[in-house]
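Assemble the dimeric complex from its two separately framed chains, guided by the hints.
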Amino acid sequence: MLHPAFKHPVDDAQQTFRSLLDALAQPLRLSALPCLPPALPGLSRGSAALLYTLIDRDVSLWLPSLPDDTLASLRFHTGMNLAANPAEADFLLLTAGTPLPPLSTLKAGSDAYPDRSATLLIEIEAFNQDQVIGSGPGIPHTRRFGADGLPGDFWHQWQANHARFPLGVDAILIADDRIAGLPRTTRIQEG
Amino acid sequence: MQTRQRWLSVLANSPPNALQTLLAPWRQRTEAPVWLRRAETGLVMLQGRAGGTGARFNLAEISVTRASCRIGEQTGHGWVRGSNAEHAELIAVADALLQDPRHQAELLTQLVAPLQGALDERRARDARQAAASKVEFFTMVRGE
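These protein sequences, in sequence, are chains A and B.
Under our numbering, the first residue of the first sequence carries the number 1, and numbering increases by one thereafter.
Under our numbering, the first residue of the second sequence carries the number 192, and numbering increases by one thereafter.
If we strip away everything but chain B, and leave its shape as in the complex, we get (with noise of 0.2 Å):
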């Protein structure tokens, strides 16, 4: 279950242009999906905890787009980030991918690796970034 969690999250974190480009080959060889649910959108409250373990609160409501479709016996669920419909009903095909024993090394190795590998770029250079920016601040001691 942890790897469909990972892929899930590698698949809604990447922009949808190479989510469509890597699954490309694999919706011509595979059936065509039943759509369960065509892309909607919503909002969802989104909680926090300070410092991760305060009291829950509300933080705000943010906008959510899903989908669902089944392929052969396999359902998919995508669920991203936004109004991009077209990126949720593309999540929700590769998860029902993934999870066919039949397809799922293979994307893993050819869809989600990418992916991911492009995905911790972009995290790393964001951290550089971040940390370059970094201030240190220092208090004089009040001399006596």
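With the rest of the complex left out, here is chain A (with noise of 0.2 Å):
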């Protein structure tokens, strides 16, 4: 059975892919996606947008195991192409509790191309602010950040991640409808 999607196509998912880059420029800042698709089984609100407006048949996603429904439905609104392994997709989603792959496995791009490199949707429970110090392009001096749910070594992994740079990976984490950016470019204090 499939589901729907945005009310209107174009306009909500223009309105969420600004919203997107806001969050990308200050990261760590928490933004609410201003248009939300009925929920998909399996997946949070603010996922199904996120998917809804970055997926097309151009570029390939990487999956935890979803609901048929769910599958179907996003193959029907986005066209999107499945990976078969996540070292060679070019967006990642990670539902709460599926296991993170190894950030150094994953397209990093290349010195050429530091583009053509994977971006990550994590679902996580809620924000707080007391797990890291982030510093960096778009963040006036430093900001307090946390996120329940996130993979024990996540902040850990993502100090090798910050060191490859101008190589690596970048993250968006979701709660529900809010939204927060994490670019190669920020770095990571813990504690």
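Hints are computed from structural coordinates only; laboratory data are not their basis.
Check each hint, because a few of them may be wrong.
Label-pair ranges, simulated between beta-carbon atoms [claimed, not checked]:
id	chain 1	residue 1	chain 2	residue 2	range
1	A	G149	B	A215	47 to 55 Å
2	B	D311	A	A39	41 to 49 Å
3	B	A223	A	P34	22 to 30 Å
4	B	A322	A	A84	53 to 61 Å
5	A	D115	B	R240	40 to 48 Å
6	B	R319	A	P34	57 to 65 Å
7	B	E264	A	A39	14 to 22 Å
8	A	G149	B	T194	48 to 56 Å
9	A	D11	B	Q211	27 to 35 Å
The model shown is predicted, which means the values in this text are computed figures rather than measured ones.
Even glycine gets a Cβ: it sits at the ideal position worked out from N, Cα and C.
The structure is reproduced here in structure tokens:
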């Protein structure tokens, strides 16, 4: 059974994309998604909105195991190509409880094309402010940040990811309808 | 499956007004469609083969409008040549209802059959008109 997507496919995807740009320009600052589609089984509304916005037939997507309804609906609305393994994917969606693939094994781009790298969409439970201190482009001074439900050694792996700049992966953290951007340029200090 | 192909073809080639009139009572009786995709218009490349067997070539781009909806458990798709959004949505609704075993037999006789009849009549009339204008060319045998 297929599920409906955005009410106004073009306008809603454009607004979502705009808020995604803002989130990546001001890392670790929370922003609310402006348009939410009806929920898909197994996915939060925010993840569904981002997938409808970002995915088309030209990129490959890695998904954890999801109900058939959800896969069929995503295929219908986006024309997605599923990647066989995380290392080949342009986008990866990690739902709560999905183990984190080692960040160093994902597409990191090349020196000539650092943009040909993977983007992670990570569902978390909630945002807080007491895990890490972030700094870097888009952050005046420093910004306190935290996320409940992140895989254990995520921040540790992130420091290695940041050290590979200009190569590396970017991440977007999603808690229902709120998102925070985490580009590879953001320095993370734990504690 | 062949029947679905046939009814989609009949629905797409029938005038939207006739389809709307015939479908109206059904739309009142059945639950409202959940729209998966409202009508949207795009371009499709038509390909042809000379004589039906030659190499494939691009003939032209045509505009096509499509829409999809769900009624109960059934998903209906409507595709129509041109840019008539309402027509595509009517086909999607009719397609979803036609796939429902509770309505199928009745709809095939009350909706598809009359449209098919009108379509056949129109095609026969066009064929007659074309046949009437047929010109036979004779070449005189060059005499010695």
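Which of the listed hints are not met by the structure?
none
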